[in-house]
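Here's the letter readout for the chains.
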Amino acid sequence: MSIINNIKRVSAVVLALLSLTVAYATDSKVEAAAEWQRGLDAYSNGEYGAARDAWERVAQLGPAGAELYYNLANAYYRLGQQSDAPFANGELGRAVLNYRRALRLNPSDADARYNLDIAVDHTNDAESLPQGVISSMWTAVRGTMSSNGWAIASVVQFIMALVLTLIYLLSNTIVLRKVAFFVVVLLVVAFIFSTIFAISERVLSSDSQEAVVVCNSTTPVHASPDNGSKIIRQPSQGVTVKVLRSHGEWSEVEFADGEKGWIPSSIIELV
Amino acid sequence: MIRIRHFLLVLVAILATWNSWAQVAFKAEAPLLVSLNERVRVEFSINEEPDGDNTFQAPTFEGFNILAGPSVSTGMGMQWINGHQTISYNRTYTFILKPLSAGKHTIGSASIMVDGKRYNTKSIILEVIDEGSKVNNAPSQQGGARDTHQKDPQTSKPDKRVEPTVSSDDIFLMLSVSDKEVYKGEALRATLMLYTRVGYPDIRGFDLPVFNDFWTQELQSLNERSRAEYNGRVYDTYKLSEYVIAPQRTGDLTISPAELDVAIQVVTQDNSNQGFFYGSRKVSVVNRKLRSAPVAIKVLEFPEGAPASFNGAVGSFSLTAKAPEAEMSANSSNEISVTISGSGNLKFVTAPRLKLPDSFELYDTKVRDNITTTASGASGSITYSYPFVVRAAGEYYIEPIVFSYFDLETKQYKTLATEPFVLTVTGDGSVAEGAKSQDRVYAEYGGRMKQLDRDIRFIHTGALPVHSLSFFILSPLYWLLMVLFVAIFIVIYVVMRKRIRENRNIVARRMRQADKVAVQRLRMAQRSMVEGRRHAFYEEMLRAMWGYISDKFNIPLSNLTKETIREELYRRGVSAADAEQFCQIISRSDEAQYAPSTDSDMGEVYDDAVAVISKIEDVIKR
Numbered sequence: 001m002s003i004i005n006n007i008k009r010v011s012a013v014v015l016a017l018l019s020l021t022v023a024y025a026t027d028s029k030v031e032a033a034a035e036w037q038r039g040l041d042a043y044s045n046g047e048y049g050a051a052r053d054a055w056e057r058v059a060q061l062g063p064a065g066a067e068l069y070y071n072l073a074n075a076y077y078r079l080g081q082q083s084d085a086p087f088a089n090g091e092l093g094r095a096v097l098n099y100r101r102a103l104r105l106n107p108s109d110a111d112a113r114y115n116l117d118i119a120v121d122h123t124n125d126a127e128s129l130p131q132g133v134i135s136s137m138w139t140a141v142r143g144t145m146s147s148n149g150w151a152i153a154s155v156v157q158f159i160m161a162l163v164l165t166l167i168y169l170l171s172n173t174i175v176l177r178k179v180a181f182f183v184v185v186l187l188v189v190a191f192i193f194s195t196i197f198a199i200s201e202r203v204l205s206s207d208s209q210e211a212v213v214v215c216n217s218t219t220p221v222h223a224s225p226d227n228g229s230k231i232i233r234q235p236s237q238g239v240t241v242k243v244l245r246s247h248g249e250w251s252e253v254e255f256a257d258g259e260k261g262w263i264p265s266s267i268i269e270l271v
Numbered sequence: 001m002i003r004i005r006h007f008l009l010v011l012v013a014i015l016a017t018w019n020s021w022a023q024v025a026f027k028a029e030a031p032l033l034v035s036l037n038e039r040v041r042v043e044f045s046i047n048e049e050p051d052g053d054n055t056f057q058a059p060t061f062e063g064f065n066i067l068a069g070p071s072v073s074t075g076m077g078m079q080w081i082n083g084h085q086t087i088s089y090n091r092t093y094t095f096i097l098k099p100l101s102a103g104k105h106t107i108g109s110a111s112i113m114v115d116g117k118r119y120n121t122k123s124i125i126l127e128v129i130d131e132g133s134k135v136n137n138a139p140s141q142q143g144g145a146r147d148t149h150q151k152d153p154q155t156s157k158p159d160k161r162v163e164p165t166v167s168s169d170d171i172f173l174m175l176s177v178s179d180k181e182v183y184k185g186e187a188l189r190a191t192l193m194l195y196t197r198v199g200y201p202d203i204r205g206f207d208l209p210v211f212n213d214f215w216t217q218e219l220q221s222l223n224e225r226s227r228a229e230y231n232g233r234v235y236d237t238y239k240l241s242e243y244v245i246a247p248q249r250t251g252d253l254t255i256s257p258a259e260l261d262v263a264i265q266v267v268t269q270d271n272s273n274q275g276f277f278y279g280s281r282k283v284s285v286v287n288r289k290l291r292s293a294p295v296a297i298k299v300l301e302f303p304e305g306a307p308a309s310f311n312g313a314v315g316s317f318s319l320t321a322k323a324p325e326a327e328m329s330a331n332s333s334n335e336i337s338v339t340i341s342g343s344g345n346l347k348f349v350t351a352p353r354l355k356l357p358d359s360f361e362l363y364d365t366k367v368r369d370n371i372t373t374t375a376s377g378a379s380g381s382i383t384y385s386y387p388f389v390v391r392a393a394g395e396y397y398i399e400p401i402v403f404s405y406f407d408l409e410t411k412q413y414k415t416l417a418t419e420p421f422v423l424t425v426t427g428d429g430s431v432a433e434g435a436k437s438q439d440r441v442y443a444e445y446g447g448r449m450k451q452l453d454r455d456i457r458f459i460h461t462g463a464l465p466v467h468s469l470s471f472f473i474l475s476p477l478y479w480l481l482m483v484l485f486v487a488i489f490i491v492i493y494v495v496m497r498k499r500i501r502e503n504r505n506i507v508a509r510r511m512r513q514a515d516k517v518a519v520q521r522l523r524m525a526q527r528s529m530v531e532g533r534r535h536a537f538y539e540e541m542l543r544a545m546w547g548y549i550s551d552k553f554n555i556p557l558s559n560l561t562k563e564t565i566r567e568e569l570y571r572r573g574v575s576a577a578d579a580e581q582f583c584q585i586i587s588r589s590d591e592a593q594y595a596p597s598t599d600s601d602m603g604e605v606y607d608d609a610v611a612v613i614s615k616i617e618d619v620i621k622r
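Chains A and B, in that order, give the protein sequences.
The opening residue of the first sequence carries number 1 in the numbering used here; numbering runs sequentially from there.
The opening residue of the second sequence carries number 1 in the numbering used here; numbering runs sequentially from there.
Next up, chain B with everything else stripped away, as it sits in the complex (with noise of 0.2 Å):
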């Protein structure tokens, strides 16, 4: 057994000293930044075994009492790591001491020696602040303002008994941002602090800080510990949360608080009790919101004068281009890509406008991104690919690509362009020839044709056209003109009424009674025929047919011919055998007037135009 343990402690020797042969570290460790009525712990540390404590050299506290030390500490672990074994000694001298004055003070280079050598320390600069006859981390008798009380002697009583209350000076939250006043799209951290002269508060909620208008990345944050000096006084610092974030938007824009829910142990002197219980310490909890004070930041407007392709990249980028490939043939495909480095808003750079000759389609711009964010921004590289198709052979020239971007160290825009590219399309037969010259080349552009090869009218010459605003429609000439005629018109038709109302009464009447005058007459003529009077009976079968024709029709009788008559009757639907008849009769009893003839006929021919007038009449009349 004791022969075991002898082998596992030479072992771990061993061992011990094989991991720390490559690195013996001599470090001095001590908050870098206190106050004059706090102690300050100064510790030197060593990872190897030192060759005696006598060894050990300390460095003169100009400006320090020394309070005690140096006191010495050993400490030794194992650990074991995916069979890996790890064995960490730890030696370590410590002080403490008390500053005398406020200033910087130098800690100079302790030294110790291990295996014969000497190894230093490096010397600290440390950082004394007088915070007045404020006393060192008791809590506040009174809450409140900050400042008002600060130099309040009734405060710096240190063995009265104090209230368990914590003060906002003691423990705040601070949100801070690295810049105020930015362009649009530039980032910026953000971080949350927590200081305190309390000690680590118990985080009971958490409200984050909330970004309106700003693109937000949280970063990786550990809890980082360090300590810092607000208005005069010291504070330990806990890093509660960073961000890197860029404002979309100009104007004055405002981080909303972050709040949190802490609860505060409070060690305080109970003297209330005087007897046995005299001086007895008691502990309790506070409990406190914090709330961070609004930050605004300022974001500017970018100056006037950017170039057309600038698309709202800020930072300080680079451009580099792939070519496409010097020969093709129509048809095939081929790509441009080009690729902005750097840091800035890459996240939000859009692809720089390609412009390709008429005969080119472009297809979908493919992105490929590779973007880190940092806390001091993002950076990386986006690569852009513009696949095309050529569908004409030929030389082509294609304009370089142009990016443009805020700079912000010199505040100017700057534009990167690529080499134009040259490219040699050679035929692939299956275009005809005489369509690729001449014609008119149209493209489609987000799902509309548009002819590309056009150019704008010449400008109007001649002597400047003397122009008159003035508009004719609804103008006082346009309605007197419209009046005007209007009366004109209202003074002939009052003049001509008569002659009007007789021209309609006229021609009406003549067309509704045409047929009732012909049975009139046709009447006077049977009359005749019964008294035998030829000559008569025939003049009125002719005055009726004649007039007939003429009322119906409105037809003058001078300018009536059987010829006309025919016309007429056949315009209006009747049939021509009726026509022809009705010229019959008319040519018959034109005969028959003067020549001597039989009774008969008379009865024949009246029959014959009544049934003619009365067929007239129904076609007419449907």
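Pulled out of the complex, with its shape left as it was, chain A reads as follows (with noise of 0.2 Å):
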């Protein structure tokens, strides 16, 4: 009697538990999806600093998308359009940030790659160097699906290598047998090559060492922690460094050229 008192009595508030979570995330979840169709409605009246308003807050709220990320940086890019100096308060620079932010969670969305690609050029920058060709077909290649995807696929790959693994032992047709090797062998690279894109873009989009200098500011990149020290160069807007550490309120950053330098951590921020 009394264990099935006690289950009883930790199922109601297991039960109780549950289902003030569940308020909770609906009650934010009916706000998100209110300002999201505000956003949707605003950016559609070209009222991009209201859309602009609506998303940023939708992103407060909970965990973004890259859907969300590549709206809110489309009202950047519109809203920098819009104002009589293009740009001026570091718009371009918040667009190329949450177009960065998007591909990293969904790495295969053409549409963010084609407006970075326009935002990018916007930027007074060199952005990069010419990617080495192997280097560029693995971005390319790994860019066609997601990390779940990938990851998916190398399940798939990993099954029906076991499958024809089987088969070759267990079947007696020479031709069967070769054929069914030949399959497995080629499963076996296509898996670990899966498995290697489906890790590489979760650990890219986890922990981005990649930043967007986001201030239109006029502060200078120095080649020390230092305000007295030597000035490298002048950063612009939009412009995607890699943050190799930071100190005080510092960051030691690389860029695209292979330049490294110290910038205020306040006028970056990470993808």
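No lab work stands behind these hints: they were computed from the structure.
These numbers were taken from a predicted model, which means no experiment stands behind them.
We put the CB at the ideal spot given by N, CA and C, even for glycine.
A couple of the hints might just be wrong.
Claimed, not checked - Listed next, with one range per pair, are the computed distances between beta-carbon atoms:
| # | chain 1 | residue 1 | chain 2 | residue 2 | range |
| --- | --- | --- | --- | --- | --- |
| 1 | A | E31 | B | V177 | 50 to 58 Å |
| 2 | B | L300 | A | D117 | 32 to 40 Å |
| 3 | B | T561 | A | I174 | 15 to 23 Å |
What the hints assert, rightly or not - Each computed BS3-like pair below joins lysine-lysine, with the alpha-carbon atoms no more than 25 Å apart:
| # | chain 1 | residue 1 | chain 2 | residue 2 |
| --- | --- | --- | --- | --- |
| 4 | B | K347 | B | K298 |
| 5 | B | K355 | B | K366 |
| 6 | B | K122 | B | K27 |
| 7 | A | K260 | A | K230 |
| 8 | B | K347 | A | K230 |
| 9 | B | K298 | A | K230 |
| 10 | B | K498 | A | K178 |
| 11 | A | K230 | B | K180 |
| 12 | B | K27 | B | K117 |
| 13 | B | K180 | B | K414 |
| 14 | B | K516 | B | K615 |
| 15 | A | K260 | A | K242 |
Work from the hints to combine the two standalone chains into their complex.
So, in structure tokens, the structure goes:
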């Protein structure tokens, strides 16, 4: 009897907790959905400032997806374009930042890639040096699917490899055995690549070292974390850098052309 | 001789009057700042012979005691410069005064008659400062801190023996800046002054101030002498150098001090030798290292909301533009130029960005400047010329050139813009008409090609996607699936293990032993041949040959026909003739099995079979 009572009590508590979290979750979800819709309407009417505000609010409310970042970036881009002095308040930097965030979450988002390319064209800095053929092919192939896509592919390839191994072992038809063996080798190679792609995309998206210069500031890049040190260059908004380490209020960054320097952490934002 | 001398004198007199006719100047000169216990020397000088000293009327020196004067002195000089002769005349009336009280005193105007005309001096306002009980000119007995000993009565005994020391009050260096809180790029003036109460010292060494993080330009500076009050005391001041500086970064900057090694001559009353030399004066030299205090300057950040075209220009500017020729033909060059003029950090102004339509090619911007630096900063103008070539015919609208700067007066950003330019480009015939409009337009910027006429794609619409940030790869589910399938695989493997092993063994053994089996069967056939059993011989022969192919190629006997044999052999590189012979032997054996035949046939068939199998074996093994 007592055991049954205990189970009842525990399940009641669990139920209560569950309903609480569900209630909380639905509350913020409802608000997020409303803000999302408000943003869509505002954007369609050309009120990009309002759209931006609404979507920033959605991003605050919960985990943001690639679509939200993409829309937010579009709003920033249009807002910057709209003003008399284009991109005067760092809109370009914010647009690039949010496109990059969208791509981080979903590297196969072709629209985000296209728009990022356009936004980057507006930056003054040479964005990046041409990538090597292998490196760009690697990125291009990896970008065709998201991490989860690659993960599912790798599982399917793994299962197929196992099945074909069995066929190879059990069959006594030479042709079938040979075909099976060949396909297993191919599947193992494919499995290794899919797994690497899936893992590298996961690592890239969860632990980004990339940062974007968001301010339209005249703060220069210094040789060491000290205002008195030698000035190396002048970064412009929207330039993507790699953060190597930070020291106090300074961050050491590496530019696309390999140049390293220190800038105040306040003018960059991690992707 | 006398005549000549007379003549010369007359000549001199004529020249003198000539030169000074134009301007008769009667001036009063006095230090503008004096100490209460100082003697003041006031001079009235005229550069023309007056009608008589009695026409000179001195002002009433209210607030002063006249200690001496007027003493009159006359000077005359002659100068030849580049063959041009100048004769100067000067008559000076000098008064020595002693101020009676501190405060501002006015010395009224004096007057004098020259050629029957009366000339007046301007009145002078003289500021008299009460330095308290401090003794004038005498160096302080105790060096060191300046304020604590100021009112010490011990130091104010003029006739006592005085050590030949110079207090840090009596001579010091001061670096003063016109403003201590400026914006980045704002020009300010820094002046290095020597304050002294002990006369102008002999300068032995000089370390200039170091302006780190400042753009610096030294101004032409004369050793300008003047007087100034500092901490209630009157000093002679010498301007040693003057700079226009502009900070190049924000934050708290410090100008490191200047240093000056000086030797000061000090005159002391030597009272130590009582007796004959009582009261003799002694001149000694004191060496001193003077150091100005470091100056801290706060450089302010520009306020938020800088326009995009703002590039650090500070000051007050105007923008004018020279429009390009309104009509031009394609592939010819044209130019837009803008001039930024005004005052501010012109030297750091960068070329404003010119946005040209797509089919324009912009070449390197040319810069011409005309900037002068004065004590109030740099001013002048800077002109940027943008040469360009238009590739395609058409009507073009060129966006205005925008230039922004930070106005120091209003502390606001100001944006200047030119008028937009309109340009008509006529074709030059060399450009294919079709290529101009619909094709995508590329341009080269900074070494990379950019497609220019693109716009961003539209937003994602639809409901807010429910987003889970979970990753499948390396997740528990992933591992579970992997382990599950590996387990299934292992189970199947274990269950089928026996069959797999058998499978592998049967196949391998059969393959390996095919020829041995065939040899064995052939041997049995040979025995039958020797014993004369025809039927058994051909049976063994057929079994050997079919079996050989079946085992060798792992094909079940039931699936074998002569056709498949021929195919299989051919596929494995056996020549068509050998394959044909192999099949013929099978056919002959089939026929001979039930048909009467001679003994010699058996031997022939046997030899042929052995020969063809060894041939096939050779080919396949290879």
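For this session: List, from low to high, the hint numbers that the structure doesn't satisfy.
Result: The structure breaks none of the hints.
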